[in-house]
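**Student:** Top line first, the protein sequences correspond to chains W and B.
full-length UniProt numbering puts the first residue of the first sequence at 1, with every later residue one more than the last.
full-length UniProt numbering puts the first residue of the second sequence at 1, with every later residue one more than the last.
Take the hints with a grain of salt, since some may be wrong.
From chain B, some residues computed to sit far from chain W (all C-beta separations above 10 angstroms) [to be verified]:
#, residue
1, S54
2, M100
3, L126
4, I210
5, N214
6, L216
7, L229
Below 25 angstroms or equal to it, Euclidean Cα-Cα: the simulated DMTMM-like pairs (lysine to aspartate or glutamate) are [as the list claims (entries may be wrong)]:
#, chain 1, residue 1, chain 2, residue 2
8, W, K6, B, D243
9, B, K19, W, E99
10, B, K10, W, E123
11, B, K10, W, E114
I should point out that these hints are in silico values taken from the structure, not numbers from a laboratory.
Heads up, the beta-carbon is just placed ideally off N, CA and C, and yes, glycines get one too.
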Amino acid sequence: MENIIKVKGLTKKYNNFLALDNVSLEIKKGRIYGILGRNGAGKTTIMKSILGLTFPTSGEIYIKGAPIDYKDKKQFFTIGSMIETPAFYSNLSARENLELFALIRGITQKNAIEKALDIVGLEINSNKPFASFSMGMKQRLGIANALLHEPEVLILDEPTNGLDPMGIVEVRNILIDLCRDFSKTILISSHILSEIEKVADDIAFIEKGRVVEESSMESIRSRCGKYTSYVVSDVYNSARLLEENYENLNYIVIDNKEIRVFELNDKTNSINRLLINNGIDVFQITTQNESLEEYFKKLTGGDGK
Amino acid sequence: MKNGIIVEWKKIRHKNMLKTSLVIIFLFITIIVLKDIFINLRVRELGIESWIISLDTILIFMIIPAISGILYTSMINSEYAERTIVNYISAIVNRNTFIMSKLIAWMFCHLLMVLIVCLVAYIGSLVIFPTTDLMMRFYDFGVHFLKSALFSFFSLALLVPISIFQRSSYVPSIVATLGIAAVGVSATYLTGILPFILPWTAAFILSQPISVPNNLKILGYVIIIVFSLLFYILGLVMINRQDM
Numbered sequence: 001m002e003n004i005i006k007v008k009g010l011t012k013k014y015n016n017f018l019a020l021d022n023v024s025l026e027i028k029k030g031r032i033y034g035i036l037g038r039n040g041a042g043k044t045t046i047m048k049s050i051l052g053l054t055f056p057t058s059g060e061i062y063i064k065g066a067p068i069d070y071k072d073k074k075q076f077f078t079i080g081s082m083i084e085t086p087a088f089y090s091n092l093s094a095r096e097n098l099e100l101f102a103l104i105r106g107i108t109q110k111n112a113i114e115k116a117l118d119i120v121g122l123e124i125n126s127n128k129p130f131a132s133f134s135m136g137m138k139q140r141l142g143i144a145n146a147l148l149h150e151p152e153v154l155i156l157d158e159p160t161n162g163l164d165p166m167g168i169v170e171v172r173n174i175l176i177d178l179c180r181d182f183s184k185t186i187l188i189s190s191h192i193l194s195e196i197e198k199v200a201d202d203i204a205f206i207e208k209g210r211v212v213e214e215s216s217m218e219s220i221r222s223r224c225g226k227y228t229s230y231v232v233s234d235v236y237n238s239a240r241l242l243e244e245n246y247e248n249l250n251y252i253v254i255d256n257k258e259i260r261v262f263e264l265n266d267k268t269n270s271i272n273r274l275l276i277n278n279g280i281d282v283f284q285i286t287t288q289n290e291s292l293e294e295y296f297k298k299l300t301g302g303d304g305k
Numbered sequence: 001m002k003n004g005i006i007v008e009w010k011k012i013r014h015k016n017m018l019k020t021s022l023v024i025i026f027l028f029i030t031i032i033v034l035k036d037i038f039i040n041l042r043v044r045e046l047g048i049e050s051w052i053i054s055l056d057t058i059l060i061f062m063i064i065p066a067i068s069g070i071l072y073t074s075m076i077n078s079e080y081a082e083r084t085i086v087n088y089i090s091a092i093v094n095r096n097t098f099i100m101s102k103l104i105a106w107m108f109c110h111l112l113m114v115l116i117v118c119l120v121a122y123i124g125s126l127v128i129f130p131t132t133d134l135m136m137r138f139y140d141f142g143v144h145f146l147k148s149a150l151f152s153f154f155s156l157a158l159l160v161p162i163s164i165f166q167r168s169s170y171v172p173s174i175v176a177t178l179g180i181a182a183v184g185v186s187a188t189y190l191t192g193i194l195p196f197i198l199p200w201t202a203a204f205i206l207s208q209p210i211s212v213p214n215n216l217k218i219l220g221y222v223i224i225i226v227f228s229l230l231f232y233i234l235g236l237v238m239i240n241r242q243d244m
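Chain B on its own, in the form it takes in the complex (with noise of 0.2 angstroms):
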């Protein structure tokens, strides 16, 4: 399994698609930023709460998860497409390392595209919302993102099955991506226990810094965990069962 991540790794960086992909968000947030910072004032009146709500739905649960996937999907799918997949799986490699390995490497890319979103909103926070303990703020920053990360990254489980399914094809998964993009934002939308019944719209609501009542907030985890192991082991028993 070690030897797969490196592998997956060493693909992915001989890729620009990463490198595209973290440019890509650090623009989109630098942008956010600088547009509270000198332009909509009005942010400071709303607090530091709102911000963050904001800066999770436009990027940890739109544009991350859009780009994330788009990146998942060529990880996996370029692997039909150019057939390497006859020369890596061939005889000697597990199938389900060969999808582990691709699903532990693209959670650290998806990670590291929220990190890029934690260090440029922690610096820009700082002088929108000022505060003298800086290491409280960075703690809570930390903690805030990485839940919402892995979140938005358990959100996108579905395309594990959905990629393997269609093999060389990208479409399906592409479609899926920016449904679930849109699905989980939607939970904005939603009311009482609707939007802790879907895994999309729960993972929104519960990274969320917003009180939310214990017994949904234990289904919305439920049902998260549930749907992402379900999809994941789906993707398991579909890669096991494919004729290459």
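Isolated chain W, as found in the complex (with noise of 0.2 angstroms):
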């Protein structure tokens, strides 16, 4: 599948303190790609590197394949974006803030904001001045800015940020649906797990400027291990015991009472059976599947928020 934006090596120091450390990422035409890390981890760094917002230490980063070049405009029209917080001038109503921005990018289309306001699903006629817009409607309101010149990629930095659960469901939707019915390529960034789990075709986990892991979301699930969780009266006899009678079994012990084995192989009924043979009290058995911010938390070795 076609790249149509490649970073590669990308670094960048801030006098002593590197923001991105050799940072590569693939972004694939017609997919959903999400950068997910902590506050400060870099994706927004990242992404204003993109935009020609700040400038790479060093590094490359392609667009369709040409190498990005800052001062030609024109390369720039493949991409519309929304970063950091949905800015705009607080005194004007929304399609008079698209007005302007419109104008300056030099948009002739006569229906390019009612178009992008009405993928958005905001009022296309309503004066309501945008500092009383609820946060969703400036969430809705930066995404149509972004989609004003029909570009082919967006960028979008923390698209849920500050909405309520309605509010995120109705923007993981819209970015959905641009992905699906538009053929748009996303790459947005979020600190949410959950919220890049529901929407992202490709991850990438970015930790202290580093990329930790880049794959598509389909390889991380089936990586996500599937785990046995033994709820047990003594765990550290529980784990002698593993270690005397399995070998190399990858397994982690839980708040001093819970021992999960991930194994492949089933041996949940041997372990069990090993377990109360030896005077052990076995309270609860489960089966699950490791979730993305365990995943995460293992990755980065941190409590993955």
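Using the hints, put the two chains back together into the complex; each one sits in its own frame.
**Tutor:** This is how it looks when you write it as structure tokens:
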């Protein structure tokens, strides 16, 4: 599948602070690519570097195969963006704001504004100033602005930030529709794992300016290991028994009461028998899939929040 | 660029700041002219040139630069403060276009402020210093105030790099605005070559209807042009290197 944006060895230093460290990403055409990371991990810096809002210290960025040239503004017509928060002129209405942005981008299509507002479901003739918009309306207007010049790629920085649950669902549906019905490639960032998990086709985990993993969601889901959880009366003796009886068994101890065994071949019965025969009470046995959050925790060695 | 200027003008029109500025300037010049018509009768003895110098000093080089500087600061720094600059210049819009459009829109606002002074002063001059040649008086006023407007505008060029450097903070450029106004007018207390080697004092002196030796006049013009260009170029270099 064709890469519409390719980032290779991107590094950004702010004085002595290394914001991005040799980041490489490949964003494929027609897919939703999620950048996942904690606040301050470098998600926005990657997006800003692609958009020419910040200048990389080193590395290369390609748009549709051509190296990026920040001076060649025509190259950027491929991209629509919303970075940080949806920022607009507070005293102007949605339409007036979009009229200014359409004018500055030289958009000549008469219905471009109506079309963009219609896609995101904002009222076209409202005179309500931007300052009085709800966060959901602001995010929608931000997406409409990004769509104005009908770009192939949308770069949206935390588009569900600050939204209520219904708002999150609405924005998520807009993104899925844009990708499915309008063939847009979407690069989104978020620090909320469940959000990215629900929309992204491909995902990159960013931690302290580095990509710790880049993969398709499909592949990650298959790798989010299945595990069997044993809630037992004595975790230390249980762990000792597992060590003694099973070679190279992949397990972890959780909260001094639970043992999670990651094993492709089902050993549930034999482990259960082993524990009971050695006088350990087994209160609960459940088989679960490791969530993306847990997978992220393992990758980053943190709490995944 | 044309679209950029239209956008800037629309933004200014939607804010009340320009309207408020024009009203303040109108009130100032009207009060001064009425005072000179009805109260300060001695002004007739001093002559029209002294009267124009006094208007220049108070309005074109003190009040208008202060108001105009604050207007420009607001034009640039509200973009940083509200983060609209990220929306505006991300991707498609050239950073030079962003600054140049603002500069041109600002110059237009500045000229508009001076135009109000010029019109009220012209009407007042017909009462204080009657003339039969209305067209000639109008032409003289037009040329003089256009020259003063341009000089006072160029003397504010320092604000361009400052407003970009300070990003969302308004304080440095407001301090600089007031400083420029104060330094410009202080030219009246300086003698010799000194007022001609500072762009702000040179702008004030060269806009006045007074005779200045040719060598100093040329030096003053060169200083104003060089410094203005320097500050504009510095502003463009800064915006092009700035991480948003």
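**Student:** Hint by hint, say whether it matches the structure.
**Tutor:** Okay, the hints, checked on the actual structure:
At roughly 38 angstroms from the closest C-beta of chain W, the C-beta of S54 of chain B stays outside 10 angstroms, upholding its exclusion from the interface. With a minimum CB-CB distance of about 13 angstroms to chain W, M100 of chain B clears the 10 angstroms threshold, and the non-interface call stands. With a minimum CB-CB distance of about 40 angstroms to chain W, L126 of chain B clears the 10 angstroms threshold, and the non-interface call stands. The beta carbon of I210 of chain B sits about 44 angstroms from the closest Cβ of chain W, which is more than 10 angstroms, so the claim that it is off the interface holds.
With a least CB separation of 43 angstroms from chain W, N214 of chain B remains clear of the 10 angstroms interface cut-off, as annotated. The claim that L216 of chain B is not at the interface with chain W holds, since no C-beta of that chain comes within 10 angstroms of its own (minimum 42 angstroms). With a closest Cβ-Cβ approach of about 22 angstroms to chain W, L229 of chain B is found to remain outside the 10 angstroms limit, as its non-interface label requires. For the hint linking K6 of chain W to D243 of chain B, the alpha-carbon distance of about 21 angstroms falls within 25 angstroms, and the restraint holds.
In summary, the hint linking K19 of chain B to E99 of chain W is supported, as the alpha carbons are separated by about 22 angstroms, within the 25 angstroms threshold. Only pairs whose Cα atoms come within 25 angstroms are accepted, and K10 of chain B paired with E123 of chain W is accepted, the gap being roughly 22 angstroms. For the proposed pair K10 of chain B and E114 of chain W, the alpha carbon gap of about 20 angstroms is at most 25 angstroms, so the pair holds.
In summary, the structure agrees with every hint in the numbered list given earlier.
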